[in-house]
Amino acid sequence: DTEVTQTPKHLVMGMTNKKSLKCEQHMGHRAMYWYKQKAKKPPELMFVYSYEKLSINESVPSRFSPECPNSSLLNLHLHALQPEDSALYLCASSHGDRLTEAFFGQGTRLTVV
Amino acid sequence: DAKTTQPPSMDCAEGRAANLPCNHSTISGNEYVYWYRQIHSQGPQYIIHGLKNNETNEMASLIITEDRKSSTLILPHATLRDTAVYYCIVERNNQGGKLIFGQGTELSVKP
Chain A
1 DTEVTQTPKH
11 LVMGMTNKKS
21 LKCEQHMGHR
31 AMYWYKQKAK
41 KPPELMFVYS
51 YEKLSINESV
61 PSRFSPECPN
71 SSLLNLHLHA
81 LQPEDSALYL
91 CASSHGDRLT
101 EAFFGQGTRL
111 TVV
Chain B
1001 DAKTTQPPSM
1011 DCAEGRAANL
1021 PCNHSTISGN
1031 EYVYWYRQIH
1041 SQGPQYIIHG
1051 LKNNETNEMA
1061 SLIITEDRKS
1071 STLILPHATL
1081 RDTAVYYCIV
1091 ERNNQGGKLI
1101 FGQGTELSVK
1111 P
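Here the protein sequences come in this chain order: A and B. Under our numbering, the first sequence has 84 at position 84, and the numbering climbs by one with no breaks. Under our numbering, the second sequence has 1045 at position 45, and the numbering climbs by one with no breaks.
Don't read these hints as lab results, they were simulated from the structure. Beta carbons: idealized from backbone N, C-alpha and C, even for Gly. Certain hints may be false.
[Unchecked claim] Just so you have them, the derived chain A footprint on chain B, three or more residues with Cβ under 8 angstroms: (1) 1011-1023; (2) 1042-1053.
[As the list claims (entries may be wrong)] Result set (DSSO-like, lysine-lysine): computed pairs, CA atoms no more than 27 angstroms apart in a straight line: (3) B:Lys1003 / B:Lys1052; (4) B:Lys1110 / A:Lys41; (5) B:Lys1110 / B:Lys1069; (6) B:Lys1003 / A:Lys41; (7) B:Lys1052 / A:Lys40; (8) B:Lys1052 / A:Lys9; (9) A:Lys38 / B:Lys1003; (10) A:Lys19 / A:Lys53.
[Said to hold, decoys possible] Sample of chain B residues lacking proximity to chain A, with all beta carbon distances greater than 10 angstroms (derived): (11) Thr1072; (12) Glu1091; (13) Asn1093.
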């Protein structure tokens, strides 16, 4: 199994809502990532988890809250988002000790209304 | 500051080789060159990586200059399905590294 599965595929939420994005992999990878991608732009790194611990936070606003409950699962909790947070949110995973080959999910298309 | 420089767009005829250049003049000795691509509306896909030797796999070849300041990704027989944005990334291959995407090259393969 070489897949990174993201759910839901699409999400529409209001600015006062709380929602969560989910990412799952069963490749035994110990590094997991969240990226944000706006239209026609490259993916922007948000968070990196290494061995279930948050190792990199790229100065992301606190309305985005990551969580890594176990080595296979990564969540992104969303609260009080703004319309400009609408984007494709991508999850990726790789071996914990190296970046060699990162696998990406298909993303969650988020629209904030 | 961006670690890599790529042309914003390129065209290639179907069946011909696509040669995608990347400049990384400030690369450090322990940094690798990675290539990923992103087909429209999909997540990025790993293609190949290398340190200083040329590399080949079933998808592509990676040619790195001797001074390591530039590299070229070669798709030997481009197909329409190779139309995508190609990203060249320079980074350490260890736990502290992180994949930072630059602007990439939008490759259009035409019939």
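We went through each hint and held it up to the structure:
no., hint, in the structure
1, 1011-1023, "violated (count 0)"
2, 1042-1053, "holds (count 6)"
3, B:Lys1003 / B:Lys1052, "holds (17 angstroms)"
4, B:Lys1110 / A:Lys41, "holds (23 angstroms)"
5, B:Lys1110 / B:Lys1069, "violated (30 angstroms)"
6, B:Lys1003 / A:Lys41, "holds (17 angstroms)"
7, B:Lys1052 / A:Lys40, "violated (31 angstroms)"
8, B:Lys1052 / A:Lys9, "violated (39 angstroms)"
9, A:Lys38 / B:Lys1003, "holds (21 angstroms)"
10, A:Lys19 / A:Lys53, "holds (22 angstroms)"
11, Thr1072, "holds (20 angstroms)"
12, Glu1091, "violated (6 angstroms)"
13, Asn1093, "violated (5 angstroms)"
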